[in-house]
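Participant: Take the given structure of chain A and dock chains B and C to it, following the hints.
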Amino acid sequence: MEMLYAIFAAPFIDMFSDPVFFAEVVINGLLTGIMYSLVALGFVLIFKASGVFNFAQGAMVLFAPLTLVGLMEQGVPVILALIITAAVMVLLAFLIEKFMLRHLINQEGIVLFMATIGLNFLLEGAGQIAWGSNVKKLDVGIPDQSFEWGGILLNTFDIAAAVIAAILVAVLAVFFNKTRIGRALRAVADDHQAALSVGIPLRTIWIIVWSVSGIVALVAGIMWGTKSGVQFSLTLIALKALPVLILGGFTSIPGAIVGGLIIGMGEKIAEIYWGPLFGGAIENWFAYMLALVVLLFRPQGLFGERIIERV
Amino acid sequence: MSAKAKKINGRAETILSIEDISLSFGGVQAIRNVSFNIKKREILAIIGPNGAGKTSMLNVINGFYHPQKGTITYKGEKCHDMRPHLAATQGIARTFQNVALFKGMSTLDNIMSGRALKMKQNVFWQMIYYGPAQKEELEHREFVERIIDFLEIQHIRRIPVGKLAYGLQKRVELGRALAAEPDLLLLDEPMAGMNSEEKEDMSRFVLDVNEELGTTIALIEHDMGVVMDLSDRIIVLNYGQKIADGTPDQVRNNAEVIDAYLGVKYD
Amino acid sequence: MLYRETGQFKTSYASDQAIFPLVQDRWFIALVFVIAFAMVPFIANEYWLQAIIIPFLIFSLAAIGLNLLTGCAGLLSLGTGAFMAVGAYATYKITTAFPDINLLVVFIMAGLSAAAVGTLFGLPSLRIKGFYLAVATLAAQFFILWLFNKVGWFYNNNPSGSITAPPRTMFGIMISGPEATPMVRYYVSLIFLVVMGLAAKNLMRGRIGRSWMAIRDMDIAAEIIGIEPLKTKLLAFAISSFYCGVAGALFIFAWLGSAETEAFDIFVSFQVLFMIIIGGLGSILGSILGAAFITLTPIFLTNFPPMIGLPIATDLSKHLEEIIFGALIVFFLIVEPLGLARLWQIIKEKLRLWPYPY
Chain A
1 MEMLYAIFAA
11 PFIDMFSDPV
21 FFAEVVINGL
31 LTGIMYSLVA
41 LGFVLIFKAS
51 GVFNFAQGAM
61 VLFAPLTLVG
71 LMEQGVPVIL
81 ALIITAAVMV
91 LLAFLIEKFM
101 LRHLINQEGI
111 VLFMATIGLN
121 FLLEGAGQIA
131 WGSNVKKLDV
141 GIPDQSFEWG
151 GILLNTFDIA
161 AAVIAAILVA
171 VLAVFFNKTR
181 IGRALRAVAD
191 DHQAALSVGI
201 PLRTIWIIVW
211 SVSGIVALVA
221 GIMWGTKSGV
231 QFSLTLIALK
241 ALPVLILGGF
251 TSIPGAIVGG
261 LIIGMGEKIA
271 EIYWGPLFGG
281 AIENWFAYML
291 ALVVLLFRPQ
301 GLFGERIIER
311 V
Chain B
1 MSAKAKKING
11 RAETILSIED
21 ISLSFGGVQA
31 IRNVSFNIKK
41 REILAIIGPN
51 GAGKTSMLNV
61 INGFYHPQKG
71 TITYKGEKCH
81 DMRPHLAATQ
91 GIARTFQNVA
101 LFKGMSTLDN
111 IMSGRALKMK
121 QNVFWQMIYY
131 GPAQKEELEH
141 REFVERIIDF
151 LEIQHIRRIP
161 VGKLAYGLQK
171 RVELGRALAA
181 EPDLLLLDEP
191 MAGMNSEEKE
201 DMSRFVLDVN
211 EELGTTIALI
221 EHDMGVVMDL
231 SDRIIVLNYG
241 QKIADGTPDQ
251 VRNNAEVIDA
261 YLGVKYD
Chain C
1 MLYRETGQFK
11 TSYASDQAIF
21 PLVQDRWFIA
31 LVFVIAFAMV
41 PFIANEYWLQ
51 AIIIPFLIFS
61 LAAIGLNLLT
71 GCAGLLSLGT
81 GAFMAVGAYA
91 TYKITTAFPD
101 INLLVVFIMA
111 GLSAAAVGTL
121 FGLPSLRIKG
131 FYLAVATLAA
141 QFFILWLFNK
151 VGWFYNNNPS
161 GSITAPPRTM
171 FGIMISGPEA
181 TPMVRYYVSL
191 IFLVVMGLAA
201 KNLMRGRIGR
211 SWMAIRDMDI
221 AAEIIGIEPL
231 KTKLLAFAIS
241 SFYCGVAGAL
251 FIFAWLGSAE
261 TEAFDIFVSF
271 QVLFMIIIGG
281 LGSILGSILG
291 AAFITLTPIF
301 LTNFPPMIGL
311 PIATDLSKHL
321 EEIIFGALIV
331 FFLIVEPLGL
341 ARLWQIIKEK
351 LRLWPYPY
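Protein chains in written order, with this note's numbering: chain A, 1 to 311; chain B, 1 to 267; chain C, 1 to 358.
Pulled out of the complex, with its shape left as it was, chain A reads as follows (with noise of 0.2 Å):
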């Protein structure tokens, strides 16, 4: 009986009885969301430019922040570390379209992805020989301060990830839908083989979303990286953006952001107010539960299309 009521009614007397505690959690679970959209932002721009479910997104988040730091612990100036950084994951992608990609066109999903995880863990090893292991603090100067706003205890840092996510979503969306090579890549999404047939050159096309994933990447990484050093852990940030994408839609750009706000918020909220019950750390696994219950009602995800099967 004490038990069902600690579940069922405690925690949501405990939300109202102090509101402005409770909306300070939802908003800092909020942005928390902002900062796994920004991580499943990546994996959207590789799944629907390419149909590859791209594991090693995950690494990718690890070694962009890791070459940035490395390159500023050498003396590089933070500017000019940027744009090598952003050069080098340039690079990176032309890498992997040369010597991955290119041999697995028309393959099974299932074999790509499969090759993005030996892709991870080729990143994570290379990158912790090249730049070393140890935590890293990273800061390019985005200020980092905690204020009270009505009441609320919030962090300019988290406003800033804020704005800046806003900013990459609306630049991505117009990418994609407003331009010529924003058409080619939903085309290569659907079928390599067909778009290749009309011209398309695949190639390039991938190399571009690579990029582009992996300068989103980096963004995602600088973020998580001043809040929480660049380390190996970050990797495992990745497997959360898929109950992100399972809410989100693994195509919708839009989405990523919704997916990445509920898991956030939801996560929050369940460790604050449920997670005392249970001796804390509900977050591990919280947001895999929500997804597979979601999953449950809707196999497509929140907002994925409906699959009709044709024989």
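Just so you know, the hints here were simulated from the structure itself, not pulled from any lab data. Heads up, some of the hints might be wrong.
The calculated lysine-lysine pairs, modelled on DSBU-like cross-linking and capped at a C-alpha distance of 35 Å, are [claimed, not checked]:
1) C:Lys150 / A:Lys137
2) B:Lys163 / C:Lys201
3) B:Lys120 / C:Lys150
4) C:Lys201 / B:Lys135
5) C:Lys231 / B:Lys118
6) C:Lys231 / B:Lys40
7) C:Lys231 / B:Lys78
The structure displayed is predicted, hence computed values, not measured ones.
Facilitator: This is chains B and C only, laid out in the frame that chain A set:
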């Protein structure tokens, strides 16, 4: 009228009866108020232009699509819609327009999988293999080998079907359907993509199955020569509606059918 | 010249269906068995047994389990670690609560517990497919480990949070605990692998294996010929988890002796997945080859460079390992998606022609 046709019409025992079936997907109406029946042991052809609803009709019969309206009566049992599993256990088997074989498995395994419903041994015995499971496996292997002999595909037994030529794949698919010992066999464009030699072989198989095993056959086909030669009765669909239903002679002279599909009087 | 089928005609379907149809294959396997059962434990030293061979055997078993689910039935699972953990913790709880039950029985009960949990997390598989299903297994992975971490009952409220295998016997021989010798533990692992491996092979060549592959290749068509998708998928989850559960139990009782939940984390799930990718999806032999490869490479990387005068720091070798694995996975998927098992088949085919080129 052939002797056989006389016999069938005389007996008039219906194995499948479709009454007033309507099927739509979202805004698209695939089938409109179609009714017909299939008599036991006959070969019924369903013809019509592309998009007429022929494959959808087969899909309704074996429970893959569920019609919004109408009833299906199979072997005397009336139901609003069929379920694939139910169709399979009741003796309906089919082949598909785009060969639906299990590409990762060999010819032999594919046809053996058609015996799935008849194999009962549980997990435990399967793990041990020697004993009841092996006995069952070998029994069914014998049966499947007879099908393989019948279809003359012994030489490709162990080859993964993904590597076979299209025509051979279709033959293997027929084998898999036959393995289930069906009472009603639905064939969706079994001759598609074959040259005339292969078509002759396939036609011979279809006729043999019908005459020797007594299997009722419903087939969709575009090759009019095949249709006219093989079928006892023909149903013509156009834009989801039935526009003709009769013997090959009746249908080939039907003005509406000529307009919609055949084009010229077929001789 | 030596390796050919000439003169070996199958006169019955039974002999055609045999696991090793060629006489040469049977001799080869007999040789492997002789080496495994009669020679290895007497030749190999304790370090080799403990650090290399026993984990190789146990991971082979887990790899076979995952291969049945992912390679054969086509259901991607990232929860292998969690299912192994269920086996391990179940063994621990049962044997600490009922110390007199024969350990063999306890292992089987633990396997069944893992099968039950696996079935539960496999329930969504009727509605969810592909990557989406992988999320369900991820949920299992994270949730189960969290549960074993937080709820003290699972580790008997041991203050260190870990579980330790108490000394237990099987038919009078000490199997677990500090007094069990590596040789005994080797035999236990080997026997489990051989028996369960054979059972898996039998499953694959029979009705159940075919229905799994049918579901994997085209589940709609499978349904239409009468195979029931949900039952078949759940059976795959159940049996696969049974294998992983037993592997998990052996993990603690026959190898490590004690461990915390970290021993079964997501990285273990990935490790086993790599084993079946590199070894060959859907192949029992592949699972074993893949497990051999992944257990041996780290040892190779730590021991080989010093042998040729190039000492590598442990940190560096770990990252090198990652790079090599990653590169190999990509390489295999490009060159031979069917893995080491297929390479082995190709070698055998070349042998059949040898010394002729074609």
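Participant: For lysine 150 of chain C and lysine 137 of chain A, compute the direct alpha-carbon distance and say whether it is at most 35 Å.
Facilitator: 31 Å, holds
Participant: Would the pair lysine 231 of chain C and lysine 40 of chain B pass a check requiring their Cα atoms to be no farther apart than 35 Å?
Facilitator: 33 Å, holds
Participant: Tell me if the straight-line CA distance from lysine 231 of chain C to lysine 118 of chain B falls inside 35 Å.
Facilitator: 16 Å, holds
Participant: Would the hint linking lysine 231 of chain C and lysine 78 of chain B be met if the CA-CA limit is 35 Å?
Facilitator: Holds, at roughly 27 Å.
Participant: Has the given pair, lysine 201 of chain C with lysine 135 of chain B, been kept, meaning a C-alpha gap of at most 35 Å?
Facilitator: 17 Å, holds
Participant: Between lysine 163 of chain B and lysine 201 of chain C, is the straight-line Cα distance small enough, at 35 Å or below?
Facilitator: 24 Å, holds
Participant: Does lysine 150 of chain C sit within 35 Å of lysine 120 of chain B, going by the straight-line distance between their CA atoms?
Facilitator: 44 Å, violated
Violated hint: 3 only; the structure is consistent with all others.
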